[in-house]
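Student: Chain by chain, the residues run as shown.
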Amino acid sequence: MSTSTGEAIQFWILAVVAVLGAIGTVSMKKAVHSALSLAGTMIVLAVFYLAQGAYFLGVVQIVVYTGAIMMLFLFVVMLVGITAADSLKETIKGQRWAAALCGLGFGILLIAGLANASLHSFAGLGAANSGGNVEGLARLIFTTYVWAFELTGALLITAAVGAMVLTHRERTQRAATQRELSEQRVREGAQVTPLPAPGVYARHNAVDIPGLLPDGTASELTVNPTLRARGQIRDVSGERLAQLAELEQRSENWLERDEHERDGGHRANGVNSANGSNGGGQ
Amino acid sequence: MNPVNYLYLAALLFTIGGAGVMIRRNAIIVFMCVELMLNACNLAFVTFARLHGNLDGQIFAFFTMVVAAAEVVVGLAIIVTFFRSRHSASVDDASLMKL
Amino acid sequence: MDHLIGALVGAPLLGAGILLTGGRRLDRTGHWIGCLLSAASFVIGALLFADMLGKSGSARTMTSHLFSWVPVAGFQANVSFQLDQLSMTFVLLITGVGTLIHIYSVGYMEQDENRRRFFGYLNLFLAAMLLLVLADNYLLLYMGWEGVGLASYLLIGFWQHKPSAATAAKKAFIVNRVGDMGLSIAIMVMFATFGSFSFGPVFSHATSASQAKLTVIGLLLLLGACGKSAQVPLQSWLGDAMEGPTPVSALIHAATMVTAGVYLITRSSAIFNAAPAAQLAVTVVGAVTLLFGAIVGCAKDDIKKALAGSTMSQIGYMILAAGLGPIGYVFAIMHLITHGFFKAGLFLGAGSVMHGMNDEVDMRKFGGLRKFMPVTYVTFGLAYLAIIGFPGLSGYWSKDKIIEAAFAKGGTDGWILGGVALLGAGITAFYMTRVMLMTFFGEKRWVPDADGHEPHPHEAPRTMTIPMIILAFGSVFAGGLFSLNSSFLHWLEPVTGHTEGHSPVSTVLIQAATLVVLALGLGLAWVQYGRQAVPAVAPRGSLLTRAARRDLLQDDFNHVALVKPGEYLTRGLVYLDHSVVDGVVNGTAASVGGLSGRMRRLQNGYVRSYAVSMLGGTAVLVAATLLMRGV
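Protein chains in written order, with the UniProt record's numbering: chain A, 1 to 282; chain B, 1 to 99; chain C, 1 to 631.
Just so you know, not all the hints are guaranteed correct.
[Claimed, not checked] Computed from the model, here is a short list of chain B residues facing chain C with C-beta under 7 Å:
{"#": "1", "residue": "Gly18"}
{"#": "2", "residue": "Val21"}
{"#": "3", "residue": "Met22"}
{"#": "4", "residue": "Val91"}
{"#": "5", "residue": "Asp92"}
{"#": "6", "residue": "Ser95"}
Derived by calculation from the structure, the hints in this document are not laboratory data. Every residue gets a Cβ at the ideal spot worked out from N, C-alpha and C, and that includes glycine.
Okay, chain A solo, but in the shape it has when bound (with noise of 0.2 Å):
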């Protein structure tokens, strides 16, 4: 006995895209990546749970596993992973060894297990169906399943309320007032007056450039660290450094010729490009 053809085609092709995001889980750098690849995989899942019956878990599967629980990984993502990308060098010696083997030895033994046992024929869920997919799983959960069902509940409260106390930071004292913490900035002799405005150039306006010194480099100050932390921090070009520096050197050249002769070339030098570049910075 076996399947329609529409459905073997499908099982192929979905096949292939499920191995692929599990692999893509498995294998991208980013965890972003990661979650969108483990969300194609369980969309493809869920088609499958749809094409052999299981039609309340088919839904299921899309509105809480891929709807509710991978929004709640990409929700973490973005709380935790601003340190982004994620090395694969594998830093235990033996671990990859280890793994490989572990891992190919058990999947080949299941597979080998699952060609041994003779599944030749299948029952198919027409009868167990008949009366509706979910209204059979309601009968069996509020039967001969109710005390597990019961049981789940009560885990799932615990397990909503254990969050609860692992996040929950217990406050021990009352919230500095703005005006106390605006004391302890002077006090500590921190950044009293805003911060520096990011780089704002005549053709370049963005916060995610940061301004220049007076001498050329660039200021940490200027940019916010969340985004320096995710890398997404666009650098002053070396060339647009270098093409500022020769413009400098153009128009000292061009006042040279009225002030070095009567002054210390290498004194006016020095004030002439601290102005320039100060001009230039602002």
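With the hints as your guide, set chains B and C onto chain A.
Tutor: Here is chains B and C on its own, set in the frame of chain A:
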């Protein structure tokens, strides 16, 4: 096509997920791999339900989903807490029990 | 009246408790508390004695059940007392002499800062000794037996700052352990045989048990008696025990504790009467010790050690008599009582001499003391006459009866035992005369000690002389009083039984022979120590003398026969322990440790490694399941 192919797919997904758990260091990705393994199991359950012609396998898949939801909630809370204290989500940093 | 029996033991026990826990605040009154409670015990004993005299026949045996000690099914150990004529005799001796020696100790220990502790131990001893003689079963007796051993140990080592005293105490304790082991095994065999260790059931069933078992019990009891009474072969501790204070030597190691063996054998007469082989062993031990102690006593220059040899010898007489069976029990006890008087008197006299001579014990440094210590001289002299068996004095009546009973045993045994006893009497006369002459007669031989202090011999204080005088009265009159109308015989007969011995030689002849050997010994001593001056340094002497000075090589024998093999055995065991036992243990530990060190590397703290282990384990489980299903 024989529905046993679904089981082969489940075994493959399970193994890939297991490999991910062993190889990846980012706790969130490890967690996702665990979810992948659970989903592979669910696929196997659903397929078995179909092979045997009753709904018990689907019930088990249903329970697996509920428990997985609970597990995700607690697990992610642990990851967030851990990240707060360590500023890292690497499972290798949680190795205080090493020799 | 019966309930007063517990108070006999209770009074000195209370004293020991008060004195040993009372602390420093009792230092000034403690010794009087000790004396008072000891005297109280004596008064109670006297009351009970008067009560007993008022009764007759079997009514004289009083019992008092205090409580059940260990009631376990068939094993019923009770703390209950039995006071019959035999116990009564001992009670009066122990409390009477004990009280006198308590009083004596008040003076003797005056300078000792630990006098309170001393009296506490003395009271403890009295309580244990009374428990021993009053017990109505062997287990309680054993408790008293161990109690006196403990008190003896504590008192021998009373001056524990002296290494010799500490060593002597340990020696006494260890040698006694051998004997105690014998007694405890005897009690176990007894329980296995008779199902009880109370005197009543054991003695009434004694004749029904097999000969072999009775002999075993008898020999084990004899071993116990040998340990406590310093009989060959467990005699070596008594000489060293003289390291203790002299009142201790007088009370414990002369008058009372060392006679516990005689009490044990007499009390167990029912068993010994039914086991002739054990009885013969008893007589042999007694006869050998009799000569052994006498010979040692002849060679010692230390006055207390000479008296210790004498004690050994006199107890040999008692054991010999007790081994003779019903013809000797009464005389054994009679000699025990008279010996208690005159030997305590002799020791107290010796203590008085030492008290006056700056604790000097070497008789070669005495001489001519009769002029300086008249009371000591007279009391010591009377006790001396009593011990050598001078006609009319205590020793004469009791010792003569033992010699007669030895001859009356009949056959070759009788002749040998009688001859030994007779010879012993002669040697006794010799060594005691020697002690007397060297101490009180001749020229003064004392010399200044290392610091230049010349001893100034002087009479002891009244607290010391009064007990000596009372004991001297006992030494003189006790024997005669006991023999008057055979009163002692009639008194003890219901308990020990008595049959009149029939000597192959006439009584008159034996008495005459006794007097002859007495005169010979006395004369020989006079020739050697009276007529010519005693050299201040001991002459080399004959081989026998030199051996006797070393206690007839008993320590050397023990060393070669027991200590050395023990050492070799121990060394062998230590080697075995180090190489084999430790090897196995350490090897196991090392291999486990090494394995653990390697296993430890699995615990690297990385959760991913653990995940690998888990998956590996799951794979193995799956493989095993598949194999089991025959894939």
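Student: It remains to establish, for every hint, whether it holds in the given structure.
Tutor: Status of the hints after comparison with the structure:
Taken as an interface hint, Gly18 of chain B checks out: its beta carbon lies about 5 Å from the nearest beta carbon of chain C, inside 7 Å. Taking 7 Å as the C-beta contact cut-off toward chain C, the hint placing Val21 of chain B at the interface holds, the least distance being around 5 Å. The interface hint given for Met22 of chain B is met, as the beta carbon of that residue sits about 5 Å from the closest beta carbon of chain C, less than 7 Å. The criterion of a C-beta within 7 Å of any C-beta in chain C is met by Val91 of chain B, whose closest approach is roughly 5 Å, and the hint holds.
The criterion of a C-beta within 7 Å of any C-beta in chain C is met by Asp92 of chain B, whose closest approach is roughly 6 Å, and the hint holds. A distance limit of 7 Å between C-beta atoms decides the matter here; for Ser95 of chain B the minimum to chain C is near 3 Å, and the interface restraint holds.
Comparing the model with each earlier hint shows no violations; every hint is respected.
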